[in-house]
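Residues per chain, in single letters:
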Amino acid sequence: MQKVTNENFLIYHAFGGSCNGCDIEVKILEIPKFSMKKYGLKFTYDPEKANIILITGILTYKCLNYISEILKRALNKQIIIAVGDCAVTGGIFFNSYTMKGPVDRVIPVDIYVSGCPPNPKLILHGLLKAVTKIREKKNGV
Amino acid sequence: MGYELMEEKSKDHFIVSEIENFRGLPEVDADKCTACGICSIHCPTKAIEIAMTVKDLVHRIYSGKCIACGKCQEVCPEEAIHLSRKMGQVEGLRSMLVVEKIINVVRCKVCGKPIASKLQVEKIKENLKKSDHDVEDVSSISVCRECRILLTKRTSDKIIR
Amino acid sequence: MTREKVVIGPIYPALEEPIQFNLMVENEKIINVNFEIGFHHRGVEKLALKRNIWENILLMERICGICSHAHTLCYCQAIEKALNIQVPPKAKHIRVIISELERIHSHMLILGAIMHSLNFHSLFNDIMINREVAMEAFDLLCGNRVHYGINTIGGVRRDFPEKPLKRILENLEELETFIKATIDNVENRREFQDKMENVGVITKSLAKKLDVIGPVARASGIPFDIRKHHPYESYENIGFEIITKSEGDVKARTLIRFEEILQSIRIIDQAVDYLLNEKDSLLCSESFEIVSSEGVGRVEAPRGELFYYVSLNDFSIPERVKMRTPTFANIPVLSEILIGEKIELALGIINSIDPCIACLDRSLIIESRREKNAKSNQ
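Residue numbers (my numbering), protein chains in the order written: chain U, 4 to 144; chain P, 27 to 187; chain W, 1008 to 1385.
Hints are not guaranteed to be accurate.
Said to hold, decoys possible - Result set (DSSO-like, lysine-lysine): computed pairs, CA atoms no more than 27 Å apart in a straight line:
1) U:Lys103 / W:Lys1099
2) P:Lys97 / W:Lys1053
3) P:Lys97 / W:Lys1057
4) P:Lys144 / P:Lys81
5) W:Lys1170 / U:Lys124
6) W:Lys1012 / U:Lys52
7) W:Lys1053 / P:Lys72
8) W:Lys1099 / P:Lys97
9) P:Lys97 / W:Lys1012
10) U:Lys124 / P:Lys97
11) P:Lys151 / P:Lys81
12) U:Lys103 / W:Lys1057
13) U:Lys30 / W:Lys1057
14) P:Lys72 / U:Lys103
15) U:Lys136 / P:Lys112
Quick caveat, the hints were computed from the structure, so don't treat them as lab data.
Full structure from sequences and hints, please.
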């Protein structure tokens, strides 16, 4: 498989308490049918090194306690993407008593991807938009 | 191939699926919609709204809330709304996650505000003709509520004096 | 003799859902296990009392994205038993086809996760690529890859035409050859024996004492399957076998899932045969009346027995909806079998139980500050 670019962009996937529909559609971007390695995208498990943070799920009470430290440090350095209806507006759980989201009540979001759950092609389109934003920031500075 | 996907797409540009029976975002036929509001009552996430802007009557769908269940298609009495093959929206601002359609309306002769949709007015005219009313004489389907109050006030002043 | 605390914390590679394990490790062997749940609790049982019985189908679908058809099927069965509604035979066969396709995709997902956590990466890639056969089938038949929306009270919402059904049968034949080749691979090669044989053993007496269900129990020698013992939909007229093994280790739990996929392909063949030959056309029963009653539904989900209770009064908003998911019965066995094993094999053992945490979280415990101060004052 030939690579289109030489740079590497690292993605950190934070769980916010979803039904796992969106999480599996994100995980499946590694297989050759959708092939995100071609564009230089990779998953990482260290939040300090990541360029992009991807959030799924309504932010429940306990999950927010756990990832709030990561989100506080990410304010100006990393790009934040909200994937799925639950992260964008709360979806069908909008009147639940444990909801502390949606994501833009807690931190400003750069890119929204809507759908329940969104198709992997759509998530890949959103990730590539984030890559153009990172390049603009680098060239601008 | 990757660089094609990175272009900026406008709000009307959607990614479309190749499957025939795909359940995507709903789409309204502006000639058949009567703005009755039944789809808005039955939507489980309150994603449909019928709103009045300054000039128009508008049917609005929030794509950030729509779960593509198909209930609006089941309950519409005019069969004016169908699920299309569009997948979803990817935007940078939350206020851009909307799909709007302007409904064809009949406007007030005096001030120009929308009164009701064209189909509703035609149905009222049909029923009036069956019961032998003179259709041109009826002011409630050509003048809006506020202007009608002002017109009748002027005529009643003439009668009293 | 150093003691350490290892936290397999909510976000971790190869653990797909947030649950926290606190393990005490001495000399690379585990001596104590504690776990913390509650990260996924969304209050579904309370939200179900605010919507009517048809909108609740959309809510129950989104409890879990992997076993979503089993949840809606069980809910619709509970209401159909309460109100005495008869489902036409064509709808029963359509429901069976989607249940078995869901079993195939769910088993392949957890088998990929087991291989990934035991460091067999090439097999993980192969399994996930072949899983797309099932996902394309959902796309062609139901319109979406996840959250299919095919069930309603009294029947199904869509018809299945002939052309996609024939194409799915061809793709399933190729899947069958891949699964048979992988079973030979896992049974005979040397690398799999060291990491999977005699690891995480659940004996038959422990399984009976702690009441485990699903493929975990069948791998320890207890042959119980709701599809044979309390048949529902059209499983009485379809021929298949229950598979049991007696060793109860990680290898048995892996092999039993591969063989259940082969049985599912056999069931789908018979159900599609019925649809292509019989010419009924009724998809859903006619109108019914809502009276005060209660009903119970039982379904064999991919992980075990799923149970729903619904209670109705004269309105269309239910009075109480209660669900018991299969992972809730299987999780306590982890505190017995992890003790004495090496720390590198811990994730493989956890994934072999097949935890689905989104189905599991039905309650939430928060310690308030007043309680803490009261305890310290005493």
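- Hint numbers contradicted by this structure: Violated hints: 1, 9, 13; rest satisfied.
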